[in-house]
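Protein chains in written order, with my numbering: chain A, 1 to 305; chain B, 1 to 305; chain C, 1 to 305.
Each hint should be verified, as a subset may be incorrect.
The list that follows gives simulated cross-link-like pairs (lysine to aspartate or glutamate, DMTMM-like), each with its CA atoms no further than 25 Å apart [unchecked claim]:
| # | chain 1 | residue 1 | chain 2 | residue 2 |
| --- | --- | --- | --- | --- |
| 1 | C | 231 | B | 79 |
| 2 | C | 85 | A | 272 |
| 3 | B | 85 | C | 51 |
| 4 | C | 205 | C | 222 |
| 5 | B | 231 | B | 211 |
Sample of chain B residues lacking proximity to chain A, with all beta carbon distances greater than 10 Å (derived) [claimed, not checked]:
| # | residue |
| --- | --- |
| 6 | 61 |
| 7 | 177 |
| 8 | 208 |
| 9 | 219 |
| 10 | 304 |
Covered by chain B, per the in silico footprint, the following chain C stretches (three or more residues, Cβ under 8 Å) [what the hints assert, rightly or not]:
| # | segment |
| --- | --- |
| 11 | 46-59 |
| 12 | 263-270 |
Honestly, the hints are just simulated from the structure, not real lab data. For glycine and all other residues, C-beta sits at the position ideal for the given N, C-alpha and C.
If you want the building blocks of each chain, they are given just below.
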Amino acid sequence: MTLRHVISAEQFDRRFLDGLFDDADTMAAALHSGTPPVSACGRIMATLFYEPSTRTRLSFEAAMHRLGGSVISTENAREFSSAAKGETVADTVRIVGGYADVIVIRHYERDSAEIASRFSPVPVINAGAGAGEHPSQAFLDLYTMKKEKGRIDGLKIALVGDLLHGRTVHSLARLLPLYDGMEIFFVSPPELRIPEEYVECLGRKGVLYNETHDFRAVEDADIIYMTRVQKERFSSEKKYARAKNCYVLGRKALGSLKHDAVIMHPLPRVGEVSPDIDSDQRAAYFRQAMNGLYVRMALLKHVLS
Amino acid sequence: MTLRHVISAEQFDRRFLDGLFDDADTMAAALHSGTPPVSACGRIMATLFYEPSTRTRLSFEAAMHRLGGSVISTENAREFSSAAKGETVADTVRIVGGYADVIVIRHYERDSAEIASRFSPVPVINAGAGAGEHPSQAFLDLYTMKKEKGRIDGLKIALVGDLLHGRTVHSLARLLPLYDGMEIFFVSPPELRIPEEYVECLGRKGVLYNETHDFRAVEDADIIYMTRVQKERFSSEKKYARAKNCYVLGRKALGSLKHDAVIMHPLPRVGEVSPDIDSDQRAAYFRQAMNGLYVRMALLKHVLS
Amino acid sequence: MTLRHVISAEQFDRRFLDGLFDDADTMAAALHSGTPPVSACGRIMATLFYEPSTRTRLSFEAAMHRLGGSVISTENAREFSSAAKGETVADTVRIVGGYADVIVIRHYERDSAEIASRFSPVPVINAGAGAGEHPSQAFLDLYTMKKEKGRIDGLKIALVGDLLHGRTVHSLARLLPLYDGMEIFFVSPPELRIPEEYVECLGRKGVLYNETHDFRAVEDADIIYMTRVQKERFSSEKKYARAKNCYVLGRKALGSLKHDAVIMHPLPRVGEVSPDIDSDQRAAYFRQAMNGLYVRMALLKHVLS
Numbered sequence: 001m002t003l004r005h006v007i008s009a010e011q012f013d014r015r016f017l018d019g020l021f022d023d024a025d026t027m028a029a030a031l032h033s034g035t036p037p038v039s040a041c042g043r044i045m046a047t048l049f050y051e052p053s054t055r056t057r058l059s060f061e062a063a064m065h066r067l068g069g070s071v072i073s074t075e076n077a078r079e080f081s082s083a084a085k086g087e088t089v090a091d092t093v094r095i096v097g098g099y100a101d102v103i104v105i106r107h108y109e110r111d112s113a114e115i116a117s118r119f120s121p122v123p124v125i126n127a128g129a130g131a132g133e134h135p136s137q138a139f140l141d142l143y144t145m146k147k148e149k150g151r152i153d154g155l156k157i158a159l160v161g162d163l164l165h166g167r168t169v170h171s172l173a174r175l176l177p178l179y180d181g182m183e184i185f186f187v188s189p190p191e192l193r194i195p196e197e198y199v200e201c202l203g204r205k206g207v208l209y210n211e212t213h214d215f216r217a218v219e220d221a222d223i224i225y226m227t228r229v230q231k232e233r234f235s236s237e238k239k240y241a242r243a244k245n246c247y248v249l250g251r252k253a254l255g256s257l258k259h260d261a262v263i264m265h266p267l268p269r270v271g272e273v274s275p276d277i278d279s280d281q282r283a284a285y286f287r288q289a290m291n292g293l294y295v296r297m298a299l300l301k302h303v304l305s
Numbered sequence: 001m002t003l004r005h006v007i008s009a010e011q012f013d014r015r016f017l018d019g020l021f022d023d024a025d026t027m028a029a030a031l032h033s034g035t036p037p038v039s040a041c042g043r044i045m046a047t048l049f050y051e052p053s054t055r056t057r058l059s060f061e062a063a064m065h066r067l068g069g070s071v072i073s074t075e076n077a078r079e080f081s082s083a084a085k086g087e088t089v090a091d092t093v094r095i096v097g098g099y100a101d102v103i104v105i106r107h108y109e110r111d112s113a114e115i116a117s118r119f120s121p122v123p124v125i126n127a128g129a130g131a132g133e134h135p136s137q138a139f140l141d142l143y144t145m146k147k148e149k150g151r152i153d154g155l156k157i158a159l160v161g162d163l164l165h166g167r168t169v170h171s172l173a174r175l176l177p178l179y180d181g182m183e184i185f186f187v188s189p190p191e192l193r194i195p196e197e198y199v200e201c202l203g204r205k206g207v208l209y210n211e212t213h214d215f216r217a218v219e220d221a222d223i224i225y226m227t228r229v230q231k232e233r234f235s236s237e238k239k240y241a242r243a244k245n246c247y248v249l250g251r252k253a254l255g256s257l258k259h260d261a262v263i264m265h266p267l268p269r270v271g272e273v274s275p276d277i278d279s280d281q282r283a284a285y286f287r288q289a290m291n292g293l294y295v296r297m298a299l300l301k302h303v304l305s
Numbered sequence: 001m002t003l004r005h006v007i008s009a010e011q012f013d014r015r016f017l018d019g020l021f022d023d024a025d026t027m028a029a030a031l032h033s034g035t036p037p038v039s040a041c042g043r044i045m046a047t048l049f050y051e052p053s054t055r056t057r058l059s060f061e062a063a064m065h066r067l068g069g070s071v072i073s074t075e076n077a078r079e080f081s082s083a084a085k086g087e088t089v090a091d092t093v094r095i096v097g098g099y100a101d102v103i104v105i106r107h108y109e110r111d112s113a114e115i116a117s118r119f120s121p122v123p124v125i126n127a128g129a130g131a132g133e134h135p136s137q138a139f140l141d142l143y144t145m146k147k148e149k150g151r152i153d154g155l156k157i158a159l160v161g162d163l164l165h166g167r168t169v170h171s172l173a174r175l176l177p178l179y180d181g182m183e184i185f186f187v188s189p190p191e192l193r194i195p196e197e198y199v200e201c202l203g204r205k206g207v208l209y210n211e212t213h214d215f216r217a218v219e220d221a222d223i224i225y226m227t228r229v230q231k232e233r234f235s236s237e238k239k240y241a242r243a244k245n246c247y248v249l250g251r252k253a254l255g256s257l258k259h260d261a262v263i264m265h266p267l268p269r270v271g272e273v274s275p276d277i278d279s280d281q282r283a284a285y286f287r288q289a290m291n292g293l294y295v296r297m298a299l300l301k302h303v304l305s
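Put together the whole structure using the sequences plus the hints.
Below, the structure written as structure tokens:
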């Protein structure tokens, strides 16, 4: 499978993921021994970010630097690029693709990355497209599960929170059917249920899944994947206020989790995971963020080769 | 001619441009063969952008990286540099010129770059000064004409659109008289005519030129240089609404152009050139943007040597 | 003294400063001979700036590049990082510390840098914390005094202006007692006096000091350290209007200063030092800004080793 653009989780199969995770392991080992491969030497990555980011932009940029490459960057493309003058994404990537060897784009429109990939002369990586997908996050999520539990097959996974707007969950839901014996619990308030398009294929592919609003579903899970209620996607402050803090994982709830459960979160968190559980060995979200560096190094190596 | 600052098109002669274009050819060839010269190795370029930009900032930054140099950058100097605390451009460049080896500045005031050049200890490149000049854009425009048509002498050029605010046209109008047998049509609505200061010298220098509001002037042109009506320079939304879309080049108009015409645009476009002509061989604006990288590499090599 | 985080001037002793200044001398010499040490090769610095900056951010970034390292940067972390989604500084640095080898942070809260240092896995350098401290500025201020006067011991220093909000003065007041025979004049309007916490230790440590609102105190000083009245820290425009321009150093006042006085300013200035004295040999503020590069190179080498 030659990889060109990374737009949707749907593009990828298990073989690709296995290779990517092996490469990520190699990257992590090379970093810790102080000898990362300089496979991006002389290459340029452009980051075009139309929405705020810390983890995704900085980990992609750090990944490129660790590989010996260079970065040209926009922190706020919405207001300070030509988009402010009315330029389309299609025109922007056609141009920037002449300056850089790979484009990493985050945009507020769901179809932005797909459009970008149709017009760019160089590979495009979707780093978050509105309330749509965020595939590289799903890669690092799966990589974290594998690293923490030793396997992905057969895991019981509870996806909790704002499943309507959470694009990391959307991409993840498309990749989990690649593994065998999975069982998924979608835990959300009724108004924040996961969109039909992301679950309809699960049954067909033999994945057991349940939708519930009952937080106790996490008690039986191997992986508890918490998510933030996404204020910026709500149409009114009132609707947001009703939805936020529907589920909070703190010291109290910790006791009812499996002793070898793994607590994940794409971060940032704003209250749904209490800092007082950070020191618990099951809290894997900071290790998960770190894994983003390794997975993105592996991904960049792949698209640049 | 030893080049220090690049402020106004007026500074340059034909010999300089010939040398620059030869260097740009060399840069393009070196990039495609994968061996760009690392003539900026260990050097730092500072980009100080007080107005939005994609093409100009990112192509300058990519040019510096391709030459092996480093970049320190401000995407939004107006709000997030010391300018927000009331610092003058003079003070800012005096300081930044101590950290960097060359400063690339875009500012909303017409005399900003000239002021910067008087106070900076290192070379200053004007990357757009209010509604004034934008010389490096004029260089890449001429380079594109030469590359597309094989020559610049004797070309018939139609400059179309917002000639009042379009700083790329202002810089271009100052360079065209360096060539022989030029014929220029300034095509604009009456309220967006090119300022007198940019045309008065043309007659003296033997350049044939015409001012008209009739779009049919493009039919006889070798080069059709379209420009965007610059919303951000209008005092009212109403005045802008009246001016925009005065000239639109789409599939229909294409038939009446010369079969070997070259359609250029500094970009971004917002409707004056329809995407449905992008695939026509005469549409040169994306190649033109790409040429910006080569010309800016050549320019940086020049000011850093 | 092994240095990890650089949070408050209180952490440092004279021996550390002597070593830092020697290293800064070495850096300056190496830069001018064109052979800076590449001691940061393969390392990454993250700059997290939640408040506007030019000098501090760009000099840290230039320092890192001059040392052969790479930079990942946020110009406006307040609006375009995860902080906009409600993430705490603690969470942000825990993550970014996984991508970078050192974090340079500027934040609008006084305790931000101290919090960051508690959670970051890599060294944190405080680049300005609200109206609190700004230690690396104090280092370069002392380095400038030493370079300009040949010594720091025994200097008479007038600190002038907004001593309430000026964080560079706060950090400086904590370091001056490390030297012998110092005499300090705090010159400010009554409502902008230096906070008690920064002066109480001076007497105990045998430093002579005076608080006055009389600008004539500068006439006897070896060092006149002017500061800007910090508009952004005032609660009302009216209060600011009353305070600004309380002290202005221009051509007229110059005559009453010592002939070998040194005029310093952390910059930016907005009127308190008139540009018409810039060419006077005593005006050291641009040399002072330049010293920031050398001191920050030395500091980065230290925390990265």
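Do the hints match the structure? See the list:
Restraint check for residue 231 of chain C and residue 79 of chain B: the C-alpha separation of about 15 Å stays at or below 25 Å, so the hint holds. Pair hint residue 85 of chain C plus residue 272 of chain A holds up; C-alpha atoms about 13 Å apart against a cutoff of 25 Å. Our distance criterion of 25 Å between C-alpha atoms is met by residue 85 of chain B and residue 51 of chain C, whose separation comes to about 11 Å. Simply put, residue 205 of chain C and residue 222 of chain C have alpha-carbon atoms about 21 Å apart, close enough for the 25 Å limit, and the pair holds.
Taking the CA atoms of residue 231 of chain B and residue 211 of chain B, the gap is about 22 Å. The hint holds against a cut of 25 Å. A beta-carbon of chain A comes within 10 Å of the beta-carbon of residue 61 of chain B; the shortest separation is about 5 Å. Listed as a non-interface residue, residue 177 of chain B keeps its Cβ farther than 10 Å from every Cβ of chain A; the least gap is roughly 30 Å. The claim that residue 208 of chain B is not at the interface with chain A holds, since no C-beta of that chain comes within 10 Å of its own (minimum 33 Å).
For residue 219 of chain B, the requirement that its beta carbon stay farther than 10 Å from each beta carbon of chain A is met, with the minimum near 26 Å. The claim that residue 304 of chain B lies off the interface holds: its Cβ sits roughly 17 Å from the closest Cβ of chain A, which is beyond the 10 Å cut-off. Note: the segment 46-59 of chain C has 7 residues with beta-carbon separation from chain B under 8 Å; the three-residue rule is met and the coverage holds. Under the rule that three or more residues need a Cβ within less than 8 Å of chain B, the assignment of the segment 263-270 of chain C holds, with 4 such residues.
This entry does not satisfy hint 6, going by the numbered hints stated previously; all others are met.
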